[in-house]
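**Q** Sequence:
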Amino acid sequence: MDATTLQQRDGGSGDGDRYGVLLYYKYAEIPDAAALAAFYEANCRDLALVGRVRVGPDGVNATLGGRMAALEKHIVEMSSNSLFEGTDFKLASCEDPVDERVARECGFTSLSVRVVKELVTLCSNPTLAPPEISSAGRHLSAAEFHSVLQNVAQTSLDAEAPLEKNEVVVLDARNVYETRIGKFNVPNVETLDPEIRQYSDLPSWIDEHTKKLRGKSILMYCTGGIRCEMASAYIRSKGEGFENVFQLYGGIQRYLEQFPDGGYFDGKNFVFDHRISVGSVKENILGNCLICHSSYDDYSSRCRCNHCRMLVLVCPTCQDSTKEYVCELCQKNGKHSCSISISQECEKTLGLSKSSDFEEVSTNNHFVTSDFLRSNGNEQLNKLKILCLHGFRQNASSFKGRTSALAKKLRHIAELVFIDAPHELSFVYQPSPVHGSDIHSPPSTAKRKFAWLIAPNSACDAEQNWKVADAQFDPLQYQQQTEGFEESYAYLENALSQMGSFDGVLGFSQGAAMAALFCRQQQKTFGSPKFRFGVFCSGYPAPVCDFDNEPIKLPSLHCFGNGEGHDRQIANRASVELASLFAQDCCSIVEHDMGHIIPTRSPYIDQIKNFLSSFQ
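In the working numbering, the protein residues as written are -18 to 597.
Hints listed in this document are in silico derivations from the structure and should not be mistaken for laboratory results. Any given hint could be a false lead.
As a list, the in silico BS3-like pairs of lysine-lysine whose alpha-carbon atoms are at most 25 Å apart [as the list claims (entries may be wrong)]:
#: 1; residue 1: K304; residue 2: K590
#: 2; residue 1: K390; residue 2: K590
#: 3; residue 1: K71; residue 2: K263
#: 4; residue 1: K164; residue 2: K98
#: 5; residue 1: K389; residue 2: K590
#: 6; residue 1: K505; residue 2: K313
#: 7; residue 1: K98; residue 2: K505
#: 8; residue 1: K381; residue 2: K263
Generate the whole structure from the sequences, applying the supplied hints.
**A** Dropping the structure here:
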């Protein structure tokens, strides 16, 4: 859809008040990504649009929701920029979001505009250069794609080699949770489903299946087209025998528009917005319940694998009978149900009985619990075990005290387990005119303070004397805290091995930054974080390293100030940026009107409770 078409429709369709979803991408050299991102922020907010926009040096990728009239104005505005010449704006009207939880998980309750290094991350290895997008496979319109599938032997395209001279294979570039509910099914044409968990796994699959692809005419498809651009270029970069790669222009969305009866596409098209999926006039169900294997294709319950957190299909009956889900990929890797009560896990790891009444656990007294293991019966078995990471220049004991009201409000939902950070900090003070700047030993009652990340040359004084602060306490000091991650990561790994598994992690301020770094590193090392969820309060992206474009695949709740100036330590935009680093289909945001704290009054505590309760 272009600007001319929209202008012709203006005033005649009556659809302006309807809700709609707009998808588009454009690969092009962006001279000033930050400036373009700022334009998106202003334009989309003026039009009351929500969703996600990613701007990189190589182009733009946008998924937006709002009123059709506003989306059409946005298209006209973007089309006036020569940068977007030839862009395929895929606009579809739909019903208003009715399930706020699903809309929130999909990122369709707010606007997220972020500058990234690249639009899509094909390979998680940062040392490998991405393929040249100019080498991407030739686009086939929906009609051409259908024609090839309909009559491979007689179809001839003006390509490096005509299709009829090569065997045709169809390659699905999407993730397995997408292909479960819909895919192309063509008689006598092989469709390859890589069954990958995430897009960055696709290159490895291609490398392992070159024999299936060499010398073939490869027809690729994905949801809207962007993933095929880079993936087709990757296949063609392999050289001789991999020249004939074609991609469905506009993806499944354009194909279903061209063929409303579904054509050769069976089932539903998974989409990354509140609609969840879009089908054809044929209402055939391709998916199956993970537990009972009955026909089922509804992801609205947002059930996830207990191990890798990938979406799974579980019918309502099975949802009522069990909360233990293991996806097909984890099952292939030998993983099974991981249910174990908190008390059993702690007893097995620490050798303690249920009657133990303790405050600190560990040989170095670094671990503190919140009434851990004191309750008995079914109430205890259903509680979530959450690891809590304190902020900069705090400790486990003080953080436990500061969150006592929170622990009380969550007493029927969760057990909070607190842990000191590994980097001990010097005692510092601001000199006064009365006492001057004399350095003396701290009083015996002074409690040690710790940090997860530290600034260069800020190691603790072995004498543990008081140290005069170099300057007034700077609210932006976190931007200089660039060291110490490796030690903190190893320390947390060791702590988890001693203390047993946790359902989730809760971090405050620097603790939230560290929790995000820890989950990111686990995902890069093991494929997914070890936690089922994360709660990040007044957090920010740590300046330790650049986050790659692969989102952290962990259900997350981000709680922070609304930008009215009450939180003088961490700016609202920093917390928003941290939230944008997580998978938006399972990311929730709670903005409050308070300061640098975790709120415990309604409606904020109710939102926190609702999020945690979904994991019980």
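**Q** Does each hint hold? Answer for all of them.
**A** Right, here's what the structure says about each hint:
Proposed proximity of K304 and K590 is supported: the alpha carbons are some 18 Å apart, at most 25 Å. At most 25 Å may separate the alpha-carbon atoms for a hinted pair to count; K390 and K590 meet this at roughly 9 Å. Between K71 and K263 the alpha-carbon distance is near 22 Å, which keeps this suggested pair within the 25 Å criterion. Between K164 and K98 the alpha-carbon distance is near 31 Å, which puts this suggested pair outside the 25 Å criterion.
In summary, the hint linking K389 to K590 is supported, as the alpha carbons are separated by about 12 Å, within the 25 Å threshold. For a cut-off of 25 Å, the pair hint linking K505 to K313 stands: about 20 Å separates their Cα positions. Taking the CA atoms of K98 and K505, the gap is about 17 Å. The hint holds against a cut of 25 Å. Of the supplied pair hints, the one linking K381 and K263 is violated, its CA atoms being roughly 56 Å apart against a limit of 25 Å.
Taken one by one, the earlier hints fail for this structure at numbers 4, 8, listed in ascending order.
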